[in-house]
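Enquirer: Sequence lines, in order, name chains X and E. This note's numbering puts the first residue of the first sequence at 1, with every later residue one more than the last. This note's numbering puts the first residue of the second sequence at 1001, with every later residue one more than the last.
Treat the hints as calculated values from the structure; they're not laboratory data. Quick caveat: nothing in here was measured; it's all calculated off a predicted structure. It cannot be assumed that every hint is accurate.
Derived pair list, reagent style DSBU-like, types lysine-lysine, alpha-carbon separation capped at 35 Å [claimed, not checked]:
1) K49/X to K1060/E
2) K386/X to K193/X
3) K228/X to K1327/E
4) K1327/E to K240/X
5) K240/X to K1351/E
6) K151/X to K1047/E
7) K1018/E to K18/X
8) K9/X to K94/X
9) K235/X to K1246/E
10) K1116/E to K1006/E
11) K240/X to K1164/E
12) K1246/E to K193/X
13) K240/X to K1246/E
14) K240/X to K1149/E
15) K193/X to K71/X
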Amino acid sequence: MAPKITPFKISVHDSALKTLQTKLSVSTFPDEVEFSDNWSYGTILTDVKRLAAYWQEGFDWRAQEERLNEKLPQFMTIVEVDGFGELEMHFVHKRGKEGSIPLLFCHGWPGSFLEVLKILPLLTDKNGTGPSFHVIAPSLPNFGFSEGPKKAGFGIPQYAEAIHKVMMNLGYEKYVTQGGDWGFAITRLVALKYPTHCLATHLNSVDIPPEVLPSLTANTSSLSPLEKEGLDRTKWFLDKGYGYNDLQGTCPSTLGFGLRDPLFLLSWIYEKLHDWTDSYPWTDDEVLAWISIYQFSRAGPEASVRIYYERNHVHLEETMRVHEYNADVKLGYSLFPKDLCVPPDNFAKRLGEVVFGRRHESGGHFAAYERPETLIEDLREMFGRKGGAQDIGKNISC
Amino acid sequence: MAAIQKFQFQNSPGGVAKLREKLSQTLFPDELEDATWDYGVPLQDVKRVAAYWRDDFDWKKFEDRINKLPNYKASVTVDGFDPLEIHFVHKRSSKNNAIPLLFLHGWPGSFLEVEKLLPLLINEKQSGGASFHIVAPSLPNHGFSSGVKSRGFGLSQYSEAMHKLMLSLGYDQFACAGGDWGMCIGRVMSQRFPTSLKVCYYSLVPSTPPSPATPWTFVPFLIKHLLKMYTAAESEGLARSQEFQKTGMGYYQLQTTRPQTIGYLLADSPVGLLAWIYEKLRDWTDNYPWTDEEICTWVSMYWFSTAGPAASVRLYYESLRGEFPTKSGGYVPHVKLGLAYFPKEIFRLPKAWGSSLGEVVFEHEHERGGHFASWEVPEGVAGDLQVMFGKGGGAYGAVKVDKN
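Input sequences plus hints: build the corresponding full structure.
Expert: And the structure:
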């Protein structure tokens, strides 16, 4: 019997909207000082006050909901994850023309399924030239509208298993992946665990383990200016931008009490939307739509940060393999200067057979959202007629 | 001379009402079935304390407890900054030749940590034991002292503020006791003002191993280290210190880089603030049996601080910048040191390393206690100070006291 796939439309309860409004109405802001609007101290006060006021009154979540439901065809399916029982997984699924390549898109934190909004139309374009894709973009367990596990120990291998099984439920026996942030580790583990299914991986983030960084920065004489800039950015991230990661990786429950406070959730996520992008001109509607996905998430915003903790505590050996050479999967990467870890060009060769690699001159961490045309171009080239992964494209299109 | 005025704390009825309203509207997170303290503060603990804070915490008692202490405020101007109003407790011994002792709190502590020490130190009955005039301020940005409006107020500025406060009280020479930031401020103060600050007592000891540059201490250290010849307490302390570095420094990494971002949690969510602080009260102490009343007292000191709770974490950011950044080790001459080692401190390093900090005239390994030693084991701390400054003690006579 084929696994059930049920259509889904986002429909947040009225009570959740009311609660949000009530909480925001009693906001207490930090004291105003001369440096309250200095980004090096954190999320600036002027922006938080404006966004909070708009979120409380003015921001139209129902309009956002309608827009997402209209542009992103969504579904639910149940998968079974070893040791954790059944999880209901929410995902976007849009088919391209006949003979398209199934592409599993994996978001990270503080992203979501919504990141495919801008790449979906062109990737699934039935009338275009060049390779077309069937796009599947799940909400990871603990994120968006997917269920979260109730027990401890749900690590990166489990996230990989969950999204792989969504593909199996859909009948996509062979597929390729695209991801950044947690999408790096999760899709790399998908490729490791399911080498007969996941045949190629495209990454818009290539993680550098902190202990490897010194060897990369030791001798930069042969690197291009862009590569040096990338390493500087990486150093900045690991030195000055890693607090959130340390915190979420050691005491997610403590932080969780704060994440249920909408004003703090807003400042916590908005800081990353600002710091991790290449001067992306976020509108207030965009910011609040992103953050509302966390505010209204099925498992609650506190669940979304447990991945950091589990990464540090369970399946350590298996998870470390994402940084090792995997001969079974073809690799492509796109590097953006304002991403967080930006290694030199030849770094990705450590990870597998690189069939596509490009370093871009602008763009940041959320490539699919900031630079959708660029990412689409890269994917079409990688899987296109003259691309390094064209064989895979031909073999698995359906 | 800074104008010194008596200070009386008063609860704000509007503030308490708003706190209760916010507590009533708290949305609590879910918890994993098998979540332990490893993940952070458990849900049931926070719910319990939050309910107590809202319904049962005795605000009149809170007010009275603070006002039982002799509170004052003085205006202090630090170079390059607007004047600050510094709140402090000031209790003088009846003995004129008592030693002026500046007691400095840290985070998430407060001046109130001196409460249990006072009766033990202002001890007129005992002859031969040391007597003290105690000054216990709220640090700027904390408690009932002003907040700092400009950036760049780091350890140098904190030390200058505290030094000026002591001078304004007529104490040309004094001693200092502290842990956490109190210790860091003491260290910078002793570097900057060696003619004033003559003795420091640290309950958190930021020593470093001897360096190869001093082979007579380095070689024994290396031998001890390689052969694992530390005492049981020291080995356990080293392991605890390493564990803290690995898993206990998330708050530190965040507060040193993004104090404003975490400030929204501390300012807007009382339950968020409660969880944030309560985690440290539990993790950093030696099974201290915190009552809900104590927890709420400590947290209320932040919620109702003059500058607001968001201001209190800015020191972390500013302390890594400026002329005197926080760092371990570093020999400071001209000041005598008393070092106290508590088993459940956040880092607890081998005793031999203490000489990296200065001239150690007193050291004591305690059997009990953690990060908030003055609160957890006040007799232990008071005992150290009595011995250290008393006749025959290593710091006896080190602070010149005029009979005033």
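Enquirer: The structure should be examined with respect to each hint, and the outcome stated for every one.
Expert: Going down the list of hints, with the structure as the test:
With a C-alpha separation of about 34 Å, the suggested pair K49/X and K1060/E falls inside the 35 Å cut-off, and the hint holds. Taken as a hint, the K386/X and K193/X pair is honoured in the structure, with Cα atoms around 29 Å apart against an allowance of 35 Å. For the suggested pair K228/X and K1327/E, the alpha carbons sit about 29 Å apart, so the restraint of at most 35 Å is met. At most 35 Å may separate the alpha-carbon atoms for a hinted pair to count; K1327/E and K240/X meet this at roughly 17 Å.
With a CA separation close to 33 Å, the supplied pair K240/X and K1351/E stays within the 35 Å bound. Only pairs whose Cα atoms come within 35 Å are accepted, and K151/X paired with K1047/E is accepted, the gap being roughly 21 Å. Simply put, K1018/E and K18/X have alpha-carbon atoms about 19 Å apart, close enough for the 35 Å limit, and the pair holds. Our distance criterion of 35 Å between C-alpha atoms is met by K9/X and K94/X, whose separation comes to about 14 Å.
For a cut-off of 35 Å, the pair hint linking K235/X to K1246/E stands: about 19 Å separates their Cα positions. Pair hint K1116/E plus K1006/E holds up; C-alpha atoms about 21 Å apart against a cutoff of 35 Å. For the hint pairing K240/X with K1164/E, the CA-to-CA distance comes to about 33 Å; that is within 35 Å, so the pair holds. The suggested pairing of K1246/E with K193/X holds, with an alpha-carbon distance near 29 Å, which does not exceed 35 Å.
Simply put, K240/X and K1246/E have alpha-carbon atoms about 17 Å apart, close enough for the 35 Å limit, and the pair holds. Of the pairs offered as hints, the one joining K240/X and K1149/E holds, with about 23 Å between alpha carbons and a cut-off of 35 Å not exceeded. Our distance criterion of 35 Å between C-alpha atoms is met by K193/X and K71/X, whose separation comes to about 32 Å.
Checked against the numbered hints above, the structure violates none of them.
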